[in-house]
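Start from the sequences and build out the full structure, keeping to the hints where you can.
Here is how the chains run, residue by residue.
Number of protein chains: 2
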Amino acid sequence: MESSGIAIFSPATIANLSCGFDVLGLALEGIGDRMTVGLTPEPGVRISRITGANLPMEAEKNVAGVAAMALLQASDFQGGVVIEIEKQILPGSGIGSSAASAAGAVWAVNKLLGEPFSPKRLVGFAALGEALASGAPHADNVAPALYGGITLIRSYDPLDIARIHCPPLLYVTLLHPQIELKTSDSRSILKRTITLEKGIRQWGNVGGLVTGLFTEDYGLISRSLEDGIIEPLRSLLIPGFEDLREAALGAGALGFGISGSGPSVFALSRGEETALHTEQSLISCYNSLGIPFKTYTSAINKNGVRLWNEQTDILI
Amino acid sequence: MESSGIAIFSPATIANLSCGFDVLGLALEGIGDRMTVGLTPEPGVRISRITGANLPMEAEKNVAGVAAMALLQASDFQGGVVIEIEKQILPGSGIGSSAASAAGAVWAVNKLLGEPFSPKRLVGFAALGEALASGAPHADNVAPALYGGITLIRSYDPLDIARIHCPPLLYVTLLHPQIELKTSDSRSILKRTITLEKGIRQWGNVGGLVTGLFTEDYGLISRSLEDGIIEPLRSLLIPGFEDLREAALGAGALGFGISGSGPSVFALSRGEETALHTEQSLISCYNSLGIPFKTYTSAINKNGVRLWNEQTDILI
Numbered sequence: 001m002e003s004s005g006i007a008i009f010s011p012a013t014i015a016n017l018s019c020g021f022d023v024l025g026l027a028l029e030g031i032g033d034r035m036t037v038g039l040t041p042e043p044g045v046r047i048s049r050i051t052g053a054n055l056p057m058e059a060e061k062n063v064a065g066v067a068a069m070a071l072l073q074a075s076d077f078q079g080g081v082v083i084e085i086e087k088q089i090l091p092g093s094g095i096g097s098s099a100a101s102a103a104g105a106v107w108a109v110n111k112l113l114g115e116p117f118s119p120k121r122l123v124g125f126a127a128l129g130e131a132l133a134s135g136a137p138h139a140d141n142v143a144p145a146l147y148g149g150i151t152l153i154r155s156y157d158p159l160d161i162a163r164i165h166c167p168p169l170l171y172v173t174l175l176h177p178q179i180e181l182k183t184s185d186s187r188s189i190l191k192r193t194i195t196l197e198k199g200i201r202q203w204g205n206v207g208g209l210v211t212g213l214f215t216e217d218y219g220l221i222s223r224s225l226e227d228g229i230i231e232p233l234r235s236l237l238i239p240g241f242e243d244l245r246e247a248a249l250g251a252g253a254l255g256f257g258i259s260g261s262g263p264s265v266f267a268l269s270r271g272e273e274t275a276l277h278t279e280q281s282l283i284s285c286y287n288s289l290g291i292p293f294k295t296y297t298s299a300i301n302k303n304g305v306r307l308w309n310e311q312t313d314i315l316i
Numbered sequence: 317m318e319s320s321g322i323a324i325f326s327p328a329t330i331a332n333l334s335c336g337f338d339v340l341g342l343a344l345e346g347i348g349d350r351m352t353v354g355l356t357p358e359p360g361v362r363i364s365r366i367t368g369a370n371l372p373m374e375a376e377k378n379v380a381g382v383a384a385m386a387l388l389q390a391s392d393f394q395g396g397v398v399i400e401i402e403k404q405i406l407p408g409s410g411i412g413s414s415a416a417s418a419a420g421a422v423w424a425v426n427k428l429l430g431e432p433f434s435p436k437r438l439v440g441f442a443a444l445g446e447a448l449a450s451g452a453p454h455a456d457n458v459a460p461a462l463y464g465g466i467t468l469i470r471s472y473d474p475l476d477i478a479r480i481h482c483p484p485l486l487y488v489t490l491l492h493p494q495i496e497l498k499t500s501d502s503r504s505i506l507k508r509t510i511t512l513e514k515g516i517r518q519w520g521n522v523g524g525l526v527t528g529l530f531t532e533d534y535g536l537i538s539r540s541l542e543d544g545i546i547e548p549l550r551s552l553l554i555p556g557f558e559d560l561r562e563a564a565l566g567a568g569a570l571g572f573g574i575s576g577s578g579p580s581v582f583a584l585s586r587g588e589e590t591a592l593h594t595e596q597s598l599i600s601c602y603n604s605l606g607i608p609f610k611t612y613t614s615a616i617n618k619n620g621v622r623l624w625n626e627q628t629d630i631l632i
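Those protein sequence lines, which keep their order, are chains A and B.
Sequential numbering from 1 applies to the first sequence in this note's numbering.
Sequential numbering from 317 applies to the second sequence in this note's numbering.
Keep in mind that the hints were calculated from the coordinates and are not lab data.
Where is the CB? At the ideal position from N, CA and C, for every residue including glycine.
Just to be clear, a hint being listed does not mean it is correct.
[To be verified] DEER-style ranges, computed between Cβ atoms:
hint, chain 1, residue 1, chain 2, residue 2, range
1, B, G568, A, E58, 49 to 57 angstroms
2, A, E197, B, Q494, 31 to 39 angstroms
3, B, G535, A, E58, 39 to 47 angstroms
4, B, I495, A, E197, 24 to 32 angstroms
5, B, E588, A, L307, 45 to 53 angstroms
6, B, K618, A, R49, 54 to 62 angstroms
7, B, K507, A, S75, 40 to 48 angstroms
8, B, G568, A, P56, 44 to 52 angstroms
Next up, the structure:
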């Protein structure tokens with residue numbers, strides 16, 4: 001790695017948040033990829049090393065590479081970049097693995113170039129990396145990874161992103177069943193049409209969740225964490241989903257749902273204690289299934305991608 | 317009217333607010349019905365007088381009567397009520413005429429009984445009156461009429477209502493074409509299914525509008541006032557709709573859409589001056605059509621139904 005490189009932390013993210021399919025997402029604290037990115041005199045993007053996952057080293061086949069190339073093409077920088085990735089987020093886990101790499105790459109290159117691009121432009125570049133992973137330029141993971149906190153993609157065309165207030169006591173618990181579930185598979189299970197009635201309930205819940213977040217009304221947040229459209233279909237692909245939901249809500253969680261396109265599931269809780277209690281309940285529930293899994297409990301990451309801090313960032 | 321009666325003002329309301337079909341609504345200032353309501357020793361509800369519109373005097377056929385009866389049945393009061401209604405809002409105008417009568421009746425009776433019921437219960441009673449008018453117990457007009465400001469119906473079953481922050485500079489302009497358009501007709505034009513793609517855009521806009529309202533981001537409010545599902549169908553029933561939109565946006569309005577199920581249309585503006593300018597543009601646009609119409613410009617009513625104040629309330 002060239003001496004001009006910077007080390008960064010790029011967080012895992014949860015997209016959808018039950019009712020907000022394709023529009024809502026949040027960033028996690030303490031769970032994310034570490035990347036080192038440097039400028040080089042040679043044009044183009046070079047992936048010099050990937051640890052932690054078996055991913056393509058060719059820049060044009062790698063989400064971080066594609067995202068960084070999109071940024072370089074839009075900039076007037078004549079040189080190139082070299083990227084080293086320590087994957088901590090397993091690809092296919094449903095907590096924004098590809099988004100973390102794409103967001104981290106564009107954030108770091110933008111930083112090294114003197115920040116010529118706005119966060120919204122960075123989301124656009126990173127979403128092109130996402131398109132490589134999922135077939136569509138989704139931004140519901142890259143937006144929270146770059147902005148931190150809780151974000152809303154109001155519109156994809158044109159791209160319009162809003163930050164939503166993050167209540168201080170909101171904690172996230174994750175359970176990642178170590179099974180393979182491709183985003184493209186979990187998208188193909190969806191139906192192209194929905195009833196107007198279900199649509200009304202869904203946008204009522206999105207309005208309720210956003211209102212609950214801004215007013216720190218945890219009861220309203222809890223009641224709004226409902227998805228009658230996507231979850232009934234996708235949850236069929238996740239072993240033990242209904243038992244996990246019962247375990248989470250029984251432990252006092254505000255709500256429970258699928259993280260992104262799964263297979264990871266998440267719960268939101270009021271306070272760290274309830275989140276840790278929820279984690280224990282999910283562990284007890286899943287221990288009986290014989291499927292390997294991991295769990296995490298995390299606060300919400302307020303900052304998004306940031307410079308790596310050896311003192312406070314612990315690779316998990 | 318018995319001496320124990322109270323005089324109240326019950327505001328007109330705008331339901332839907334473009335993207336928030338069946339869930340969002342706001343209350344208007346200065347436009348509303350005046351009602352006088354008193355307790356009587358005789359059980360039941362009696363409508364003693366209605367001026368300003370040709371509406372049924374039989375309590376069980378009148379929205380205010382049905383709503384008041386629902387409240388009385390849930391209370392332990394042994395007597396009855398007598399209601400006098402001065403309609404200022406034309407039935408079928410699309411600005412919550414029946415909702416104003418229903419909301420006003422239950423608010424007044426509750427007040428006279430010492431406020432045994434919460435605002436949410438009052439919405440439930442008033443929605444039963446609404447069911448008489450439109451065939452379904454809608455609450456997107458009665459909720460803002462009773463709560464004031466901007467409200468969200470997160471869920472109808474169970475009823476769940478949230479208040480949304482009201483940016484101080486938000487003004488409403490209305491144009492009411494004096495044509496008849498029944499709620500049941502404008503509901504029957506709707507399709508029972510929508511594409512998932514349009515649903516996603518709609519709940520993105522609801523999230524954007526709510527976020528814009530809480531953060532007083534007028535640009536975001538403007539971009540979110542979009543409805544790709546209901547408006548393309550219902551606007552066909554409103555003469556000159558697209559010209560009116562052009563006139564409103566050309567005058568600087570943040571957004572333009574159908575009020576409730578129409579035929580009234582509304583625009584939201586930042587500041588009273590722009591709202592008045594928008595009103596002039598709508599008038600110029602509609603003058604050429606040869607259809608009688610009325611226009612109003614109003615702030616948002618923060619309080620909802622209130623005691624009538626001779627000094628400040630002007631019947632229009």
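Structure-based check of all given hints:
Between B/G568 and A/E58 the beta carbon distance is about 51 angstroms. The supplied range of 49 to 57 angstroms therefore holds. At about 32 angstroms, the CB distance of A/E197 to B/Q494 agrees with the hint of 31 to 39 angstroms. Between B/G535 and A/E58 the beta carbon distance is about 41 angstroms. The supplied range of 39 to 47 angstroms therefore holds. The supplied range of 24 to 32 angstroms is met by B/I495 and A/E197, whose beta-carbon atoms lie about 29 angstroms from each other.
Under the hint 45 to 53 angstroms, the C-beta atoms of B/E588 and A/L307, about 47 angstroms apart, fit the expected range. A hinted range of 54 to 62 angstroms for the beta carbons of B/K618 and A/R49 is consistent with their spacing of about 60 angstroms. In this structure the supplied range 40 to 48 angstroms holds for B/K507 paired with A/S75, their Cβ-Cβ distance being about 46 angstroms. In this structure the supplied range 44 to 52 angstroms holds for B/G568 paired with A/P56, their Cβ-Cβ distance being about 51 angstroms.
Of the numbered hints stated above, none is contradicted by the structure.
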